[in-house]
Amino acid sequence: MTNSPILNVEDIHVIYDKVILGARGVSLVVPEGGIVALLGANGTGKTTTLKAISGLIGAERGEVVDGRIHFAGRDVLQSAPSALVEGGLVQVLEGRHCFPHLDVEENLRVGAFAHAPSRSDLQEGIERIYRYFPRLRERRRSLAGYLSGGEQQMVAIGRALIGRPRLVLLDEPSMGLAPQIVTEIFEIVRRLNREEGVSFLLAEQNAAIALRYSDHAYVMESGRVASDGPSADLAARDDIRSFYLGMNMEGRRSFREAKHYHSRRARE
Amino acid sequence: MDFFLEVLIGGLLAGVMYSMVAIGFVLIFKASGVFNFAQGSMVLFAALTFVSLLERGFAFWSAFAATLASMLVLAWAIERGVLRHLVNRPPITLFMATLGVSFIIEGLAQLLWGAQVHGLELGIKDEPLEFGGVLLSSFDLFAAGTAAALVLALSLLFSRTRIGLSLRAVADDPLAALSVGIRLQRIWGVVWAVAGFVSLVAGLLWGARLGVQFSLSLVVLKALPVLIIGGFSSIGGAIVGGLIVGASEKLAEVYVGPLIGDGLENWFPYVLALLFLLVRPAGLFGERAIERV
Numbered sequence: 000m001t002n003s004p005i006l007n008v009e010d011i012h013v014i015y016d017k018v019i020l021g022a023r024g025v026s027l028v029v030p031e032g033g034i035v036a037l038l039g040a041n042g043t044g045k046t047t048t049l050k051a052i053s054g055l056i057g058a059e060r061g062e063v064v065d066g067r068i069h070f071a072g073r074d075v076l077q078s079a080p081s082a083l084v085e086g087g088l089v090q091v092l093e094g095r096h097c098f099p100h101l102d103v104e105e106n107l108r109v110g111a112f113a114h115a116p117s118r119s120d121l122q123e124g125i126e127r128i129y130r131y132f133p134r135l136r137e138r139r140r141s142l143a144g145y146l147s148g149g150e151q152q153m154v155a156i157g158r159a160l161i162g163r164p165r166l167v168l169l170d171e172p173s174m175g176l177a178p179q180i181v182t183e184i185f186e187i188v189r190r191l192n193r194e195e196g197v198s199f200l201l202a203e204q205n206a207a208i209a210l211r212y213s214d215h216a217y218v219m220e221s222g223r224v225a226s227d228g229p230s231a232d233l234a235a236r237d238d239i240r241s242f243y244l245g246m247n248m249e250g251r252r253s254f255r256e257a258k259h260y261h262s263r264r265a266r267e
Numbered sequence: 000m001d002f003f004l005e006v007l008i009g010g011l012l013a014g015v016m017y018s019m020v021a022i023g024f025v026l027i028f029k030a031s032g033v034f035n036f037a038q039g040s041m042v043l044f045a046a047l048t049f050v051s052l053l054e055r056g057f058a059f060w061s062a063f064a065a066t067l068a069s070m071l072v073l074a075w076a077i078e079r080g081v082l083r084h085l086v087n088r089p090p091i092t093l094f095m096a097t098l099g100v101s102f103i104i105e106g107l108a109q110l111l112w113g114a115q116v117h118g119l120e121l122g123i124k125d126e127p128l129e130f131g132g133v134l135l136s137s138f139d140l141f142a143a144g145t146a147a148a149l150v151l152a153l154s155l156l157f158s159r160t161r162i163g164l165s166l167r168a169v170a171d172d173p174l175a176a177l178s179v180g181i182r183l184q185r186i187w188g189v190v191w192a193v194a195g196f197v198s199l200v201a202g203l204l205w206g207a208r209l210g211v212q213f214s215l216s217l218v219v220l221k222a223l224p225v226l227i228i229g230g231f232s233s234i235g236g237a238i239v240g241g242l243i244v245g246a247s248e249k250l251a252e253v254y255v256g257p258l259i260g261d262g263l264e265n266w267f268p269y270v271l272a273l274l275f276l277l278v279r280p281a282g283l284f285g286e287r288a289i290e291r292v
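The listed protein sequences correspond, in order, to chains F and D.
Every letter in the first sequence is one number past the one before it in numbering that gives the first Met the number 0, and letter 240, counting from 1, is 239.
Every letter in the second sequence is one number past the one before it in numbering that gives the first Met the number 0, and letter 83, counting from 1, is 82.
Isolated chain F, as found in the complex:
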């Protein structure tokens, strides 16, 4: 990966409500055409970082108080989300956030409006999304609120992709989904990356799958980047394996034990 970066985040600090620190000194780079993963447990600042980049942080009374964000060579720190979407940077929110009372096709159409497409371009864009997600075509007239979680994730990703973005910020695409569906979604991410050159920055708690599908990864801890490196290297590192992949030297045992422990606790 020798390409120039499409996204360059330098040392950003984010504050919510003027007092609560959300990120303190996050720097990361997404190369043009790359897939970069942002790993870390709950509350380590992954979502905050993504929202700071997409400008959505402002809608939640958050503010980037320090640092720089460059997208495609331009300073975008003060840009409105709509301007960023027009420029080709779009975020898929954690928890999917489909429009529940709109049907699948309406969800996709809304995703395209920022680019003011002609009627035929819009139709073509929808067809293109259906080619990637054939299941959405079958359910085109269903209200998004009644879809399964996996289908909703497809709608959310399709809705972001219909405007042909250059960079997609994916927040927890695996959340609450069955492992098969997760794999299916990551396969589509990889296809979009290879066939259309879309770059991805994805925040994931499921480090195992994120490391498998990304080129480079950053590990976040309490609001800052704790370590980073090529995904293959990180996946081989002992500390990463035990902390994030639930494996120790003997294999996968510890995670399963932890899970048993938790479910036993929950039942009692």
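Rather than coming from a laboratory, the hints here were simulated on the basis of the structure.
Please note: incorrect hints may appear among the correct ones.
[To be verified] Some chain D residues flagged as far from chain F (calculated, every beta-carbon gap over 12 Å):
# : residue
1 : Val6
2 : Leu52
3 : Ala68
4 : His117
5 : Gly132
6 : Ala147
7 : Gly180
8 : Val239
[Claimed, not checked] Here's a subset of chain F near chain D, in silico, CB distances under 8 Å, partners left out:
#  : residue
9  : Gln90
10 : His100
11 : Val109
12 : Ala113
[To be verified] Some chain D residues near chain F, calculated using beta-carbon distances under 8 Å:
#  : residue
13 : Leu98
14 : Ser165
15 : Val179
Where a beta carbon is used, it is the ideal one built from N, C-alpha and C, also for glycine.
With the hints as your guide, set chain D onto chain F.
Chain D only, in chain F's frame:
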């Protein structure tokens, strides 16, 4: 039987008038979650501006156009000047803000046009018409027709246009709408403008019915039971709620009134709304959250 029908239909037609005010609420509530208490004073402001222009020698349509323009400016000013600064605040803050705005608008209207009562003549004769032995008011029929046209236009706006689809998206999930590049502020501007237009239409009809005076802004209070019964987030609900309120208050007045005393019409809708709150808090057509299990 004819008498019953006459009361019923008269009540339904009168109910349409309530619906017109309620629709203005629904539009703004759906798109921005704001319960706009100032809707009533917008109705008053529209009626008063219109009638004052007529009295100053404007022709009907030029007065209409000028009033519409002033309503758009007013709506834009409220959205831009007050509510935009309160984005993400708790609902009670927004509600209090609109309460304050309603007083400002009333004061402003009084300052501009004076406080006397005006008669408003729309050129529609209020004569009884006879249909199969049932007497109906031609003015009520006209009002109902206007409301029907308004609802049709609004439903076309919502279902057929890009701005309408964006508007429904914003109503569903503002953050998601923002994330796909919809300009929330433009959408809110449009909604307020449409609500301004609706209050103009409501203001003319109510003004012609009651005379243009300050109590006109109190029609907002009759819109409350309509909204509670029909649901706050559905235009169809506003219509049905208005019909229910109109019909039931007239029937109650005529048939129950003699038993327990007159003036039933004034409080009966609130009792009905209270019952609805106990049994069906989201109203008949209120959008309940879609939940998958």
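Verification of the hints:
1. Val6: Since the minimum Cβ distance to chain F is about 37 Å, D:Val6 lies beyond 12 Å and the statement holds.
2. Leu52: The claim stands: D:Leu52 keeps its Cβ more than 12 Å from every Cβ of chain F (closest is about 38 Å).
3. Ala68: holds (27 Å)
4. His117: Its Cβ never comes within 12 Å of chain F, the nearest being 42 Å, so this holds.
5. Gly132: D:Gly132 clear of chain F: closest Cβ-Cβ about 44 Å, beyond 12 Å.
6. Ala147: holds (24 Å)
7. Gly180: The assertion about D:Gly180 is violated, with a minimum of 3 Å to chain F.
8. Val239: holds (19 Å)
9. Gln90: holds (5 Å)
10. His100: The hint holds - F:His100 has a Cβ within 8 Å of chain D, the shortest such distance being about 5 Å.
11. Val109: Nearest chain D Cβ about 5 Å off; hint holds.
12. Ala113: holds (3 Å)
13. Leu98: Cβ of D:Leu98 sits 24 Å from chain F, so the hint is violated.
14. Ser165: holds (6 Å)
15. Val179: holds (5 Å)
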